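Q: Could you build all of it, start to finish, from the sequences and the hints given here?
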Amino acid sequence: MATPIETLPAAGAPGTALDGGRPPRAPRTRATDVDRRHRRGASRWFVLAGAVLVAVIMLVPFAIMVLNAFKAPADYSQNGPLSWPVSLYTDGLVNFWERVNFPEKLVNSIWISGTVAVFGVVLSLLSAYALGVGRVRGRMWIVTLFLLANMLPQEVLVYPLFQMAQEVGLSNNQWSVIIIFTVIQAAFGTYLLSSVLGTFPPALLEAASLDGAGRWRTLWSIVYPVVRPTLSVLVIFFFIWTWNEFFIPLVMLTTNATQTIPVALASLQGDRMMDAPTTNAGALVSMIPAIVFFLIFQRTLTRGITAGAVK
Amino acid sequence: MSTVERAAPPAPPRRRSSRSRQRLGYLPYLLPGLIAFTVVILIPFAMNIWYSLHKWKGGNAPLRWYGLGNYTDLLADEQFWTSFRNSIAMILAMVVVPTLLGLLLATTLFDVLGKRFGPRVASVLRATYYLPQILPVAVAGVLWNWILNSQTGAVNVLLREIGVANPPNWLGSTDTALPTVMLVLIWIQIGYPVVIFMSALQRVDPELYEAAELDGAGWWHRFRAITIPQIKPETFVITLTCTVAALKVFGPIYVLTRGGPESSTLVPSYYSYLNFFDKSKVGYGAAIANVLTVLIILVAVVIMVLQARSARREEAGR
Numbered sequence: 001m002a003t004p005i006e007t008l009p010a011a012g013a014p015g016t017a018l019d020g021g022r023p024p025r026a027p028r029t030r031a032t033d034v035d036r037r038h039r040r041g042a043s044r045w046f047v048l049a050g051a052v053l054v055a056v057i058m059l060v061p062f063a064i065m066v067l068n069a070f071k072a073p074a075d076y077s078q079n080g081p082l083s084w085p086v087s088l089y090t091d092g093l094v095n096f097w098e099r100v101n102f103p104e105k106l107v108n109s110i111w112i113s114g115t116v117a118v119f120g121v122v123l124s125l126l127s128a129y130a131l132g133v134g135r136v137r138g139r140m141w142i143v144t145l146f147l148l149a150n151m152l153p154q155e156v157l158v159y160p161l162f163q164m165a166q167e168v169g170l171s172n173n174q175w176s177v178i179i180i181f182t183v184i185q186a187a188f189g190t191y192l193l194s195s196v197l198g199t200f201p202p203a204l205l206e207a208a209s210l211d212g213a214g215r216w217r218t219l220w221s222i223v224y225p226v227v228r229p230t231l232s233v234l235v236i237f238f239f240i241w242t243w244n245e246f247f248i249p250l251v252m253l254t255t256n257a258t259q260t261i262p263v264a265l266a267s268l269q270g271d272r273m274m275d276a277p278t279t280n281a282g283a284l285v286s287m288i289p290a291i292v293f294f295l296i297f298q299r300t301l302t303r304g305i306t307a308g309a310v311k
Numbered sequence: 001m002s003t004v005e006r007a008a009p010p011a012p013p014r015r016r017s018s019r020s021r022q023r024l025g026y027l028p029y030l031l032p033g034l035i036a037f038t039v040v041i042l043i044p045f046a047m048n049i050w051y052s053l054h055k056w057k058g059g060n061a062p063l064r065w066y067g068l069g070n071y072t073d074l075l076a077d078e079q080f081w082t083s084f085r086n087s088i089a090m091i092l093a094m095v096v097v098p099t100l101l102g103l104l105l106a107t108t109l110f111d112v113l114g115k116r117f118g119p120r121v122a123s124v125l126r127a128t129y130y131l132p133q134i135l136p137v138a139v140a141g142v143l144w145n146w147i148l149n150s151q152t153g154a155v156n157v158l159l160r161e162i163g164v165a166n167p168p169n170w171l172g173s174t175d176t177a178l179p180t181v182m183l184v185l186i187w188i189q190i191g192y193p194v195v196i197f198m199s200a201l202q203r204v205d206p207e208l209y210e211a212a213e214l215d216g217a218g219w220w221h222r223f224r225a226i227t228i229p230q231i232k233p234e235t236f237v238i239t240l241t242c243t244v245a246a247l248k249v250f251g252p253i254y255v256l257t258r259g260g261p262e263s264s265t266l267v268p269s270y271y272s273y274l275n276f277f278d279k280s281k282v283g284y285g286a287a288i289a290n291v292l293t294v295l296i297i298l299v300a301v302v303i304m305v306l307q308a309r310s311a312r313r314e315e316a317g318r
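In the order they appear, the protein sequences are chains L and G.
The first sequence maps to residues 1 to 311 in my numbering.
The second sequence maps to residues 1 to 318 in my numbering.
The hints are simulated quantities; they were obtained by calculation from the structure and are not laboratory data.
Predicted model only: the values in this text are computed from it and were never measured.
Hints may be right or wrong, so weigh each one.
[To be verified] Straight-line Cα separation of at most 25 Å, SDA-like style, residue types lysine to any residue; simulated pairs:
(1) G/Lys-115 with L/Ala-55
(2) G/Lys-281 with L/Gln-298
(3) G/Lys-115 with L/Val-52
(4) G/Lys-281 with L/Gly-169
(5) G/Lys-279 with L/Phe-247
(6) G/Lys-57 with L/Val-168
(7) G/Lys-115 with L/Val-54
(8) G/Lys-279 with G/Ala-76
(9) G/Lys-279 with L/Met-164
(10) G/Lys-279 with G/Phe-45
(11) G/Lys-281 with L/Leu-170
(12) G/Lys-281 with G/Asp-77
(13) G/Lys-279 with L/Arg-44
(14) G/Lys-115 with L/Leu-53
(15) G/Lys-279 with G/Val-294
(16) G/Lys-281 with L/Gln-154
(17) G/Lys-57 with L/Phe-247
(18) G/Lys-232 with L/Val-196
(19) G/Lys-279 with L/Asn-172
(20) G/Lys-115 with L/Ile-57
(21) G/Lys-115 with L/Ser-43
(22) G/Lys-57 with G/Ala-76
(23) G/Lys-279 with G/Leu-74
(24) G/Lys-232 with G/Glu-207
(25) G/Lys-232 with G/Ala-316
(26) G/Lys-57 with G/Ser-280
(27) G/Lys-281 with L/Val-168
(28) G/Lys-115 with L/Arg-44
(29) G/Lys-115 with L/Ala-49
(30) G/Lys-279 with L/Thr-255
(31) G/Lys-55 with G/Ala-76
(32) G/Lys-115 with L/Gln-298
(33) G/Lys-279 with G/Gln-79
(34) G/Lys-279 with L/Gln-163
(35) G/Lys-232 with G/Val-96
(36) G/Lys-55 with L/Phe-247
(37) G/Lys-279 with L/Gly-270
(38) G/Lys-57 with L/Gln-163
(39) G/Lys-279 with L/Glu-167
A: Structure below.
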């Protein structure tokens, strides 16, 4: 790993390969001379600085938000957005909290997202069981249809759904949103799960049927325990996706009492009460739940994003 | 439908009939999903097509048959064309730039920082890039809307402090609104390709790089000859999902600009929403949504066909 090699041209490469007595994992970090100059010299610090700079750019809006959520309006107009608050100002937070009745919005969001996550996964599992394990006729078509449905812009469904909800007495009712998203999420869940269940070990199924287990029992005592990790990823995904949904809740939930957090925050835009601290405090408390989920489920999520990508 | 079944190896007749009877037994499990899908997606979709053939003010107003009139009206509608032109800007901001930048960041994190400064540094940076992705997009939009506000927003207050007399009205002027929205969308979107590309890079067999190194290939050469082809599946997935998302984008436009000023940031989904709920032109809004749907499905099919073809070529090359 001595630096002189840097100055040598291509000769460095075979040299590294013949370098004996190294631990087995070492080749991964071994590099050609070009790289070595790139990585070992001062330039790696430049690379780090560049990556950190991007990270800072990503974080600046959050920093500005936190700084100004607790800064009095007068302080803001005098000292600007980057100053430390002169004193801790909590009126913005209190204003927002009381005006939108934040605890109610939190309960609404949790209720809608949680119900959708559970129903959506159950519906996905049932359909995927028939498609993946049962190999129902025309399954390719059904799965393709579900996948396409997932790509539909919601605008193409929203007006008829809005009409239907009014006709069955579900206008401005959270159940309308729950039903719609259960189906939309389950369309994706079915697509994903049926490809997972399509490779379910047949030996396990045969053993179950030899033991006299019917389809229902096979599903819950053989299939369910095996795919549970995938299901838990789906539950988290459905929850967060539904939590972040905006368009359909905006249209379907027309009064304050039924709205979710993003809709409640967005509908306050342009309101005279929304001065700088109130807006920032509103954005801050509205994003805290999402950040908390992310921290709790970070591992599962990054694993899930990856799984979803290769599927 | 039957082509799929025919592909299965032929089985003795008795077993086959018993198996198909067995398959029928699974139908009850599919039924709830199919019914729900029909009620929530197929029927509304069909109704939307039906609406688009009428002039309708919505609610209890009468539907008046208009045939394909809404669609021919669209062709002459300047705003409609603007909205689809802006979709190209959305694709630039949500697909092209994030994918290229994301690939650059992911390789930097994986190749340099992960190896030279330890995996913790790389994973902390990755989480930071991903942070905007986990926020409800409407919430991120409300925050940016304030930051970019011409009077009270953080950016302009700061610019005035350092002596800029007339800072731009970022979201409020026709020259700057679209580029500004695009920057916000890049900020929102960038973490997604970074995370996926990083997991893709972990999948690549390190022996390939070692072999290339032995042949004296430099970093750039290895990147082009090994990395790019190896992570092709992920690149397709990112292109597909982000393009569909860019064509569908609604939330950020709603909270940032409402399509304004003067339609300079109008996108198809918002234009359709506007016609449905603001202008009470339900048939027209339905027609816009249908055109958007056709476009999305076309684009998605093209990307999927390209993906399948590239996978097949790889298979053949092996």
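Q: Please go over all the hints and tell whether each is borne out by the structure.
A: The hints, checked one at a time:
For the suggested pair G/Lys-115 and L/Ala-55, the alpha carbons sit about 19 Å apart, so the restraint of at most 25 Å is met. With a CA separation close to 44 Å, the supplied pair G/Lys-281 and L/Gln-298 exceeds the 25 Å bound. Between G/Lys-115 and L/Val-52 the alpha-carbon distance is near 16 Å, which keeps this suggested pair within the 25 Å criterion. Taking the CA atoms of G/Lys-281 and L/Gly-169, the gap is near 24 Å; set against the 25 Å cutoff, the hint holds.
Only pairs whose Cα atoms come within 25 Å are accepted, and G/Lys-279 paired with L/Phe-247 is accepted, the gap being roughly 17 Å. Between G/Lys-57 and L/Val-168 the alpha-carbon distance is near 21 Å, which keeps this suggested pair within the 25 Å criterion. With a CA separation close to 19 Å, the supplied pair G/Lys-115 and L/Val-54 stays within the 25 Å bound. Proximity of G/Lys-279 to G/Ala-76 is assessed by CA-CA distance (about 18 Å); at most 25 Å being required, the pair is judged to hold.
With a CA separation close to 21 Å, the supplied pair G/Lys-279 and L/Met-164 stays within the 25 Å bound. This hinted pair checks out: G/Lys-279 and G/Phe-45 have alpha carbons roughly 21 Å apart, not beyond 25 Å. Restraint check for G/Lys-281 and L/Leu-170: the C-alpha separation of about 23 Å stays at or below 25 Å, so the hint holds. For a cut-off of 25 Å, the pair hint linking G/Lys-281 to G/Asp-77 stands: about 14 Å separates their Cα positions.
Between the alpha carbons of G/Lys-279 and L/Arg-44 the distance comes to roughly 57 Å, so the proposed pair goes past 25 Å and is violated. Between the alpha carbons of G/Lys-115 and L/Leu-53 the distance comes to roughly 19 Å, so the proposed pair stays at or under 25 Å and holds. About 23 Å separates the Cα atoms of G/Lys-279 and G/Val-294, which keeps this hinted pair within 25 Å; it holds. Restraint check: the Cα-Cα separation between G/Lys-281 and L/Gln-154 comes to about 17 Å, which is no more than 25 Å; the hinted pair holds.
With a CA separation close to 21 Å, the supplied pair G/Lys-57 and L/Phe-247 stays within the 25 Å bound. Among the hinted pairs, G/Lys-232 with L/Val-196 is consistent with the structure: their alpha-carbon atoms are about 22 Å apart, no more than 25 Å. For the hint pairing G/Lys-279 with L/Asn-172, the CA-to-CA distance comes to about 21 Å; that is within 25 Å, so the pair holds. Pair hint G/Lys-115 plus L/Ile-57 holds up; C-alpha atoms about 24 Å apart against a cutoff of 25 Å.
Note on G/Lys-115 and L/Ser-43: the hinted pairing holds, with a Cα-Cα distance of about 14 Å set against a maximum of 25 Å. For the hint pairing G/Lys-57 with G/Ala-76, the CA-to-CA distance comes to about 21 Å; that is within 25 Å, so the pair holds. Between G/Lys-279 and G/Leu-74 the alpha-carbon distance is near 15 Å, which keeps this suggested pair within the 25 Å criterion. A threshold of 25 Å between alpha carbons decides the hint, and for G/Lys-232 with G/Glu-207 the separation of about 18 Å falls inside it, so the pair holds.
Distance check on the hinted pair: G/Lys-232 and G/Ala-316 sit about 16 Å apart at the alpha-carbon level, within 25 Å; holds. Pair hint G/Lys-57 plus G/Ser-280 holds up; C-alpha atoms about 5 Å apart against a cutoff of 25 Å. Distance hint between G/Lys-281 and L/Val-168 is fulfilled; the C-alpha atoms sit about 23 Å from each other, no more than 25 Å. The straight-line distance between the Cα atoms of G/Lys-115 and L/Arg-44 is roughly 11 Å, inside the 25 Å bound, and the hint therefore holds.
Taking the CA atoms of G/Lys-115 and L/Ala-49, the gap is near 15 Å; set against the 25 Å cutoff, the hint holds. With a C-alpha separation of about 21 Å, the suggested pair G/Lys-279 and L/Thr-255 falls inside the 25 Å cut-off, and the hint holds. Distance restraint check for G/Lys-55 and G/Ala-76: the Cα-Cα separation of roughly 17 Å lies within the 25 Å cut-off, and the hinted pair is therefore satisfied. Among the hinted pairs, G/Lys-115 with L/Gln-298 is consistent with the structure: their alpha-carbon atoms are about 22 Å apart, no more than 25 Å.
A hinted pair counts as satisfied when its Cα atoms are at most 25 Å apart, and G/Lys-279 with G/Gln-79 qualifies at roughly 14 Å. Under the criterion of a C-alpha separation no larger than 25 Å, the hint pairing G/Lys-279 with L/Gln-163 is consistent with the structure, at around 17 Å. Our distance criterion of 25 Å between C-alpha atoms is met by G/Lys-232 and G/Val-96, whose separation comes to about 15 Å. Using a Cα cut-off of 25 Å, the hinted pair G/Lys-55 and L/Phe-247 holds, with the two alpha carbons roughly 24 Å apart.
Pair hint G/Lys-279 plus L/Gly-270 holds up; C-alpha atoms about 21 Å apart against a cutoff of 25 Å. Taking the CA atoms of G/Lys-57 and L/Gln-163, the gap is near 13 Å; set against the 25 Å cutoff, the hint holds. For the suggested pair G/Lys-279 and L/Glu-167, the alpha carbons sit about 22 Å apart, so the restraint of at most 25 Å is met.
The structure shown violates the earlier hints numbered 2 and 13.
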